[in-house]
Amino acid sequence: MADYDYEVMKYASEHLQNDREFVLKVLKKQPYSIDYIAESLQKEPELLAIALKAGYGLKYATKMQKKDKKLVMKVVAQTPYELEFADETLKNDKEIVSLAINSGTFGGELEYASAELKKDKEIVLQAIKKSADAFQYADDSLKKDRAFILEAVKISADVLNYASKEFKKDKEIALLAVAQDGDIFEYLDNSLKSDKAFVLKALVVANSKTGEDEEERAKSKLIGLMFGRKDDDVWRYIDKNLTKDSTFITQAIKKSGYGFEYATPKQKSDRALVLNAVKHYPKALQYVDKKLQDDKAIVLEAIKRDGTALKYASSRLQDDKDIIKIAINESGSAIYYASSKLKEDEELVIQALRKNNTIALFSLEDKEFILKALKEDIDIVDSFDMKLKNDAKFITKCIEETGYGMDYATSKQKRDREFILKALAKNFTAIHGVDRSLENDKELLLKALKNRKIVSQNGATYDSSYLFRYHEYYFGSKLYNNKEFVMEALRVQPNIFKYIREDFKKDSEILELMEEIKNPLWKKIFTPLNILLFGLFVYWFLGRKKVSKV
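In terms of full-length UniProt numbering, the numbers along the sequence shown are unbroken and rise by one, the last being 550.
Be careful, since some hints might not be right.
BS3-like, lysine-lysine: derived pairs with alpha carbons at most 25 Å apart [said to hold, decoys possible]:
#1 Lys412 with Lys29
#2 Lys53 with Lys29
#3 Lys341 with Lys311
#4 Lys291 with Lys240
Each pair of labels, with its calculated beta carbon distance range [unchecked claim]:
#5 Glu116 with Glu14: 24 to 30 Å
#6 Lys171 with Glu401: 33 to 39 Å
#7 Asp294 with Lys343: 16 to 22 Å
Read the hints as simulated data drawn from the structure, not as lab findings. Glycine included, C-beta positions come from ideal geometry on N, C-alpha and C.
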C-alpha cells in the first residue's frame with residue numbers, strides 16, 4: 001500500500017509508527033510518509049536522508065542542514081514549497097527562491113521568500129508568470145508602484161486584484177488589463193464602466209491580444225466557445241444606462257459588433273451595418289433580421305470567425321454542406337447546428353471530431369466508426385458512455401490498434417510493461433493511463449518520447465514534447481527533476497528543451513548536449529565547402545589516372 005498512498009502510515013498502529021525497520025521499508029517506497037512516523041524517528045539521520053533525497057522533510061532537518069545551500073536547492077527543486085522550512089538566510093538567497101518559483105506551479109513559493117526579495121521586481125514578476133495570485137505575497141511598495149503594475153498587468157490582468165485601488169480607475173492600466181482578460185472589467189472602478197469613450201476602447205482591445213503561439217490560439221478559441229469572448233465580458237459589466245443611449249449603441253455596433261440586442265428594427269435590417277458587425281462579433285447574427293440570417297455572404301463572414309454562429313443561420317443554410325464545412329473548420333462544435341441529415345454525414349463528423357474531440361454526435365454503438373476516428377488520431381475515448389468504457393474487449397482493441405484508451409484498461413494491463421510499451425509505440429499519450437507504480441519508469445517514458453507521431457486535440461497538434469510541458473499530469477516530478485534523465489530524454493526528443501526546468505536550460509552540460517544534437521558530427525564534416533573540395537579532389541584524381549594510362 002505504501003507504494004500508492006503516503007498517508008497509509010497515518011492510520012498505522014503506534015507500534016508500527018515506532019518500528020524502525022518497518023518505517024525504513026516504507027520510506028524507501030514512499031518518502032512523504034515521514035510526516036506520519038514516530039516523532040523520535042523523524043530526525044533520525046538515515047531515515048531523514050531518504051526523505052530529503054526525494055525532496056521532502058526539510059522541516060525535520062537540523063539547523064545546519066537547513067543552512068546547507070546545496071541540500072536545500074536539491075530539495076526545493078523537487079518540492080518547491082519546502083522553501084518554507086529553509087533557514088532565513090537562504091530565504092533571502094535569490095538563486096534559491098528563483099529555483100523554487102521556477103520549479104513550482106503557482107508561484108506561491110514567494111510567500112516564503114524574505115521581506116527583501118518580496119520587493120525584488122524580477123523575483124515577483126517571475127512568480128506572477130506562474131500565477132497572478134502570487135502577487136498577494138509581494139511587498140506593498142510594489143502594489144503601489146505604477147510602473148511595476150503596468151509591467152505586471154501585461155503578464156496577467158488579475159494582478160489588479162492585489163494592487164492598490166487607485167489603479168482600478170487608471171485608464172492605461174485598465175485597458176492593458178482588459179486586453180489580457182475582459183473579465184477583469186467587472187472589477188474596474190465604476191467611473192470607467194460609465195465612461196463612453198473608455199468602454200468603446202475596452203470593447204475594441206478586449207480581443208486584440210497578439211503573440212500567442214498556435215497551441216495557445218487553439219486554447220483561446222476553445223475557451224471562447226466555452227465561456228464567451230473577452231469583449232463579451234466587457235459588455236456584461238458596462239453601466240446599464242449606456243444601453244439606453246442610441247448614439248453609444250451605434251458606435252458600439254460599428255466598433256465591436258455588440259449592442260444589436262438594443263438596436264432598432266431599422267438597424268437590425270441594415271445589411272451594411274450587420275455585415276460589419278458580424279466581422280467583429282459573429283454571434284450578433286442572433287439579433288438581426290431573419291432575412292439577413294438567410295444571407296449567405298453575412299453568414300459566411302460570421303462562421304469564418306466563429307463556427308458556432310451557425311446556430312443563428314437559417315435552416316436553409318444549416319443544410320448547406322459547404323457552409324457546414326467552413327463552420328466546422330473554425331469550430332468542431334459547429335456540427336451541433338447542422339441539419340439532422342448533415343449530422344449523420346461521416347465526412348463532416350470526422351472533420352468535426354478532428355477539431356473538437358469531445359463532441360458526441362456519432363452513434364456510440366458504431367464501434368467500427370469509433371476505431372476509424374481513433375486511427376485518425378482523434379482521441380474520443382473520454383466521450384464513450386460507461387457501457388463502452390467497461391467493455392474490456394473493445395477497450396483492449398482500441399489500445400492495441402491505436403494506443404488510445406489506457407485510462408480505461410484493466411488494472412493488470414496498466415501494470416503490464418510489455419502491453420504498455422506496445423501501446424506507447426502507437427501513441428505517446430498512453431503513458432497517462434499506466435499504473436502509478438510505473439510513473440517514474442524511465443524506459444516507458446523514453447519510449448513515449450521516442451514516438452514522433454503528431455496527435456490532434458481540439459484543433460491543435462502536439463508531439464511527444466507535450467509530455468514534458470504537462471509533466472505533472474503525465475509522470476512523476478522525480479524524473480522531471482532528474483538531470484541525467486532529462487539529458488537522456490533530450491537525446492530522443494530535443495523539443496522538450498523549452499519545457500525543462502529553467503536552471504537546466506542554463507546548465508553547461510545540457511547546453512553542450514543541445515549543441516551536439518543541433519550540429520552533429522556529420523553536419524560538421526559534410527559542409528557545402530567540404531563536399532565541393534571532395535568533388536574537386538575526385539575529379540582531379542580520376543583525371544590524373546587517365547593521364548597516367550596514356
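These are the hints, each one checked on the structure:
1. With a C-alpha separation of about 21 Å, the suggested pair Lys412 and Lys29 falls inside the 25 Å cut-off, and the hint holds.
2. Taking the CA atoms of Lys53 and Lys29, the gap is near 13 Å; set against the 25 Å cutoff, the hint holds.
3. This hinted pair checks out: Lys341 and Lys311 have alpha carbons roughly 15 Å apart, not beyond 25 Å.
4. Our distance criterion of 25 Å between C-alpha atoms is broken by Lys291 and Lys240, whose separation comes to about 30 Å.
5. For Glu116 paired with Glu14, a C-beta distance near 44 Å fails the hint of 24 to 30 Å.
6. A beta carbon spacing of about 58 Å between Lys171 and Glu401 contradicts the range 33 to 39 Å that was offered as a hint.
7. For Asp294 paired with Lys343, a C-beta distance near 20 Å keeps the hint of 16 to 22 Å intact.
Violated hints for the displayed structure, listed by number in ascending order: 4, 5 and 6.
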